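S.K.: Chains S and R, in that order, are what the protein sequence lines are.
Mapping of the first sequence onto my numbering: residues -17 to 192, in sequence order.
Mapping of the second sequence onto my numbering: residues 116 to 332, in sequence order.
Simulated from the structure, these hints should not be mistaken for lab results.
Take every hint as true, because none was put in to throw you off.
Below, simulated PhoX-like cross-link-like pairs (lysine-lysine); rule was C-alpha separation at most 20 Å, straight line: (1) S:LYS21 <-> S:LYS81; (2) S:LYS81 <-> R:LYS232; (3) R:LYS244 <-> R:LYS276; (4) R:LYS255 <-> S:LYS81.
Just so you know, these numbers come straight off a predicted model, no measurement behind them.
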Amino acid sequence: MTDQPTPLERLIQGVLPENPVFRQLLGLCPTLAVTAGLKPALTMGGAVAFVLLSANIIVSLIRNLLKPHLRIVVFTLTIATFVTIADRFLAAYLYTMSKTLGPYIPLIIVNCIIICRCEVCASRQSVFTAAADAVGQAAGFTLALAGIAFVRELLGTGMILEFKVLPSFWPSWVVMILPPGAFLTFGLLMGLINWFVAYRSRNRKPGGNT
Amino acid sequence: MVISDSRSKRRRLPQAWLVLVLAVGLGSALAAVHVTLSPVIAANRLNETLARIPALLEPNPDPAGGGRASSALKIEPRDVQVKKKDKTSFYKVYQVAREDHFLGWVVKAAGQGYADKIELLVGLDPGIKTITGLFILDQKETPGLGNKIITAAWRDQFAGKNAGQPLRLAKGDPGKHNTIDAISGATISSRSVTRIVNQVTRDLRGPLGTERGKPES
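Next up, chain S with everything else stripped away, as it sits in the complex (with noise of 0.2 Å):
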């Protein structure tokens, strides 16, 4: 406990080294089900990064009187109420998405993301630390999912952000936005990070011997 992260380090981690999607493999179920589009990809990253600062940021302000045995308990508690805010939040402002999205942004509330920060850093570290940490951890998940997101609707409709992008005599992959195309970008772009970040260690290893 003594050799904690800092704020600058857990904003960066959160980024690439400990991505929740890429590397953490966490928070898979929004990831593949609301990625057929660039739009509700980026609105649901936008509803986690708020449920994430939130709570982080609330159980942080209360991590000296947490009880070990109750924690989860109100780590649920504070998820949920900011989940359902946001919920409400979209049904009431972005009432179209929030009926795309349907189920899934009640589902924030089980997305292991938010209740793993708690427990990992929240609960352990000052109110910077965590809300340094949910901003790196939420702008890792919504990059993920805008990476995923663009490859589908780029190749599944030749649209981005439901603008033509690319020319009319490009056959829509329809398999992209269907379930399969969630399945097949998310492994062949965790494959590319994968070897991205092993080819860098490789190449750092023998020159760079600090």
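Following the hints, put chain R in place on chain S, whose structure we already have.
M.R.: Positioned in the frame of chain S, the structure of chain R alone reads:
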């Protein structure tokens, strides 16, 4: 942070003070959000309902008369109570007319689905003899299986069915006069929707069908 067994048992409730305080605090926050946002959400839902009504009564609008936009429709909402042996059912019914021509009824109804309540709109002709359309307003059925009830391909089976007799669910045997093809892997969701529609036609055939059922001269 280790609490001995005997002490923890005696102080179970005081230990939970944080949970109780948080529950009250967060609960009030949710109540405030609900009070603020529910009128906006209700307005969104009403707009959606009103936007769906034309397609439910006129599935294939006359292309020549495309200029007669839905603004020409006169939609009168009203509440209908149906008293049965043991309970009373309430329906929100929209009476739809274009100028002086009575087009039919759109009924909002709800019932239990597989995961949660399913809310839908049923379009009916003036005499409650034929179902003219179906639209699912709200559902939380299993994504990929049960939520296929929202697809137009499945919903369109209901249009044109006889409202005078209950619809039945069939597996892999569509096309019969009063059967609805069940979605494979989602029999319960399919059955729920069919049951809600049947209930609407059974309950409202009497009160609405007789009222305006006579052919208009």
